[in-house]
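This is what each chain is made of:
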Amino acid sequence: MMEKGLHNQFWEQGRLGIVVSGSLTKGLEVKLDSATSVEDIAVGRYVTIESERRRFFGMITDVTLDAIDPRLMVTPPDVSDPFIAEVVAGTSTFGRVHVLPELTWGGDAISLLEGPQPVKTVPAHFSVVREASEQDVERVFGQVEEKQFWIGTPLDMEIKVRLDPAKLVERSSGVFGKTGTGKTFLARLLLIGIIQEGTAANLVFDMHSEYGWEGTSAEGRKVKALKQLFPSKIAVFALDEESARRRKVSTDFVVEIGYDDIEPEDIEMLGETLNLTEAAVQAPYRLARHFGDRKWLEGFLALEGREQINELALSLGEHEATLASLRRRLEALRRLRFLVPHARDNPIQRILEYLDRGINVVLEFGRYTDITAYVLVANLLTRRIHTLYRERMERAMGEDIAKPRPLVITIEEAHKFLSPQVATQTIFGTIAREMRKYNVTLLVIDQRPSGIDEEVMSQIGTKITCLLDNERDIESVLTGVSGKSEFKAVLAKLETRQQALIFGHAVPMPVVVRTREYGSPQSYKELGFREAIELKKEAEKEMEDLWG
Amino acid sequence: MFKIGEIIEASTGEFVAQCYELHQPPPFGSLVKTREGEVEIYGVVSGAATTSIEPGRRPIARGRDEAEEEDIYRASPQLAKLLRTDFNALVVGHREGERLHHYLPPRPARVHSFVYLCDPEEVARFSQSFDFLSILVNARGQGSVDELIAACLRHAAQAHQDPRTFLIKVGKELAVLLGGETSRLNTILRRIRE
Chain V
453 MMEKGLHNQF WEQGRLGIVV SGSLTKGLEV KLDSATSVED IAVGRYVTIE SERRRFFGMI
513 TDVTLDAIDP RLMVTPPDVS DPFIAEVVAG TSTFGRVHVL PELTWGGDAI SLLEGPQPVK
573 TVPAHFSVVR EASEQDVERV FGQVEEKQFW IGTPLDMEIK VRLDPAKLVE RSSGVFGKTG
633 TGKTFLARLL LIGIIQEGTA ANLVFDMHSE YGWEGTSAEG RKVKALKQLF PSKIAVFALD
693 EESARRRKVS TDFVVEIGYD DIEPEDIEML GETLNLTEAA VQAPYRLARH FGDRKWLEGF
753 LALEGREQIN ELALSLGEHE ATLASLRRRL EALRRLRFLV PHARDNPIQR ILEYLDRGIN
813 VVLEFGRYTD ITAYVLVANL LTRRIHTLYR ERMERAMGED IAKPRPLVIT IEEAHKFLSP
873 QVATQTIFGT IAREMRKYNV TLLVIDQRPS GIDEEVMSQI GTKITCLLDN ERDIESVLTG
933 VSGKSEFKAV LAKLETRQQA LIFGHAVPMP VVVRTREYGS PQSYKELGFR EAIELKKEAE
993 KEMEDLWG
Chain S
20 MFKIGEIIEA STGEFVAQCY ELHQPPPFGS LVKTREGEVE IYGVVSGAAT TSIEPGRRPI
80 ARGRDEAEEE DIYRASPQLA KLLRTDFNAL VVGHREGERL HHYLPPRPAR VHSFVYLCDP
140 EEVARFSQSF DFLSILVNAR GQGSVDELIA ACLRHAAQAH QDPRTFLIKV GKELAVLLGG
200 ETSRLNTILR RIRE
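Top to bottom, those sequences are chains V and S.
Reading the first sequence from the start, the letters are residues 453 to 1000 in this note's numbering.
Reading the second sequence from the start, the letters are residues 20 to 213 in this note's numbering.
Rather than coming from a laboratory, the hints here were simulated on the basis of the structure.
Do not rely on the hints blindly, as some may be mistaken.
Stated by the list, open to error - Each pair of labels, with its calculated beta carbon distance range: (1) THR516/V <-> ILE27/S: 31 to 41 Å; (2) ARG210/S <-> VAL933/V: 50 to 60 Å; (3) VAL933/V <-> ALA158/S: 54 to 64 Å; (4) THR31/S <-> ASP518/V: 33 to 43 Å.
What the hints assert, rightly or not - Dumping the calculated SDA-like pairs for lysine to any residue here, alpha-carbon to alpha-carbon at most 25 Å: (5) LYS188/S <-> ALA487/V; (6) LYS188/S <-> GLY558/V; (7) LYS188/S <-> VAL580/V; (8) LYS188/S <-> LEU998/V; (9) LYS483/V <-> GLY82/S; (10) LYS188/S <-> PHE535/V; (11) LYS483/V <-> GLY199/S; (12) LYS188/S <-> LEU791/V; (13) LYS188/S <-> PRO534/V; (14) LYS188/S <-> PRO528/V; (15) LYS188/S <-> GLY466/V.
A virtual CB, placed ideally from N, CA and C, is assigned to each residue, including glycine.
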């Protein structure tokens, strides 16, 4: 009995240590109990702090080694002796962890109803810090119901973290991470979540053709993508019919874009990728005046020989070299087979039709993986769709009719569209900044967030970031987050796979998750996938019910 | 409870007792107790000495012609009566009724009170709290205090079921008490490891 007394004094289930100092802005310093080894602590884990009247919820953001006396560092004790080593651990030398308090709740009935609130104060000195229990975490992130979407589990816990799909589409969101960290997997999961809960229609500009039909995992294994999981809710549009056919993708529409659909603004967006001079970027506007709005590109590309170009330059008052170089650069467009003098169908109309019917559209680029094609098509289509959405929304507001369904546009290599040089001009910059009002938001996927305009970054509501190791990238992702320096440590220490830090609009507090498994038959099932046999059975049963 | 001696000098923080048996003082660092009215006073043996009963007369060497040391005493039986063994004890706590206090008693022990050696059970009960350590750590006096602390803890550890666990806990307490005195801590720890 006496021995037990000795133990109790030092050891208690889940107890880590006590708060010794700190501030609301900089976070709390917690001295670890001697029974807690620093090696058992990991940044990104959750703790609860019990003070007299409130309970605080926070995240471990740093771990430090400390000693009671600096002289100890100069004359270390004889730790080769296990006895001495055990004695000095936690007393003469001890661990400290840095905890960033995020949420708090009181013990009274009102606070129970209100749920966790953002912190406005810190716990008192020597409040006891414990590992957060699963109930605590569940209380913060909410319980996940049967058919609700969840993105993953917190580190070392079996709690499902729910990402609110309604909030996710309310503002733009971003998936960041250096290459190979699972951005595509995460983005695919997010899209599934939005589709599963039906909070918005999706338009995905699928540069590497991995969202529509099937993709490959890092191990080279094939994984099902959206169309295979939700055949009735996804339409695959292809720019490259041949590639789609080779990959045995059932495409719903083959996109062709007419030269007459390309406006001078579209060329302006290509300025950077085609390496056009300022004068060359402006020239298409003059060409449009000369040839007519819908004929300029065809007319310009039809010119043959230096003389004809010189002649045109003379009549437009342009420099000959400018036109000649523009012409040379635009030749690149000829290589894009989906560009034709006159399109047989109107892809924009088709996309909108599908979206209106609640069917999500994935536009596969097939072999056109070069950035010129991607920037051209994404910009061109989005600009038109944006205009139409805007009109509809304005009409909806004016005539008091139903607003258009929220639309999420997914773009990869986002820094090409949202770099500081072009963000003010491209349609994506506009959407990121103001389109929330018109029910259109972006899901940007990028590996170089530092290349994205700061203003756009600050407008991204929910950020999901995998491992980043470039200082500037980390800096840019964390712009405007309180406790930025703390999260830097967390972000830089994420594992290269299946781990992500999520923060912003769609989660109550920043959370490091192990993303849910994707790629096994069981995971597909959990995400709502039905095998053909099952579907058939269900249909047969319905028939039976219907006809008796 | 084993009666070992009688107090011949007492103050609040310390007492000196004479052993009933020559050369049989309680071990250095062991726990002894005495009684003052209703209060039991605990002390840690902090040193012992055997001297002549008369301060002015020093013993002289007598064993040149004897084969065994014991033969000296056999040849001159009066010697045992001319020598005495005294021991000192630092007061580290007291008990009033059932309550153990690990701080100094209200009054010092009385001269001629009996001194008893505590049995292991009592030692274990007393050393359940480490508050008495601060008295030892801050003690001034003859010999090395650190030696005393180490001896006391070694002694107390033997009374516990799991000496190692006890020593680790108490070592951690010491590490806190001697926060700024690394070398002292190291000295003591080296002396209490098994």
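These are the hints, each one checked on the structure:
In this structure the hint that THR516/V and ILE27/S lie 31 to 41 Å apart at CB is violated, the actual value being about 55 Å. Checked against the given bound of 50 to 60 Å, the beta carbons of ARG210/S and VAL933/V, roughly 53 Å apart, stay inside it. A hinted range of 54 to 64 Å for the beta carbons of VAL933/V and ALA158/S is consistent with their spacing of about 55 Å. The supplied range of 33 to 43 Å is met by THR31/S and ASP518/V, whose beta-carbon atoms lie about 39 Å from each other.
Our distance criterion of 25 Å between C-alpha atoms is met by LYS188/S and ALA487/V, whose separation comes to about 11 Å. Restraint check for LYS188/S and GLY558/V: not satisfied, since their Cα atoms lie roughly 36 Å apart, outside the 25 Å limit. For the hint pairing LYS188/S with VAL580/V, the CA-to-CA distance comes to about 20 Å; that is within 25 Å, so the pair holds. For the suggested pair LYS188/S and LEU998/V, the alpha carbons sit about 75 Å apart, so the restraint of at most 25 Å is broken.
Between LYS483/V and GLY82/S the CA atoms are separated by roughly 64 Å; this puts the pair beyond 25 Å, and the hint is violated. Pair hint LYS188/S plus PHE535/V holds up; C-alpha atoms about 11 Å apart against a cutoff of 25 Å. Restraint check for LYS483/V and GLY199/S: satisfied, since their Cα atoms lie roughly 18 Å apart, inside the 25 Å limit. The suggested pairing of LYS188/S with LEU791/V is violated, with an alpha-carbon distance near 79 Å, which exceeds 25 Å.
Taken as a hint, the LYS188/S and PRO534/V pair is honoured in the structure, with Cα atoms around 14 Å apart against an allowance of 25 Å. The straight-line distance between the Cα atoms of LYS188/S and PRO528/V is roughly 20 Å, inside the 25 Å bound, and the hint therefore holds. Taken as a hint, the LYS188/S and GLY466/V pair is honoured in the structure, with Cα atoms around 20 Å apart against an allowance of 25 Å.
Checked against the numbered hints above, the structure violates hints 1, 6, 8, 9, 12; every other hint is satisfied.
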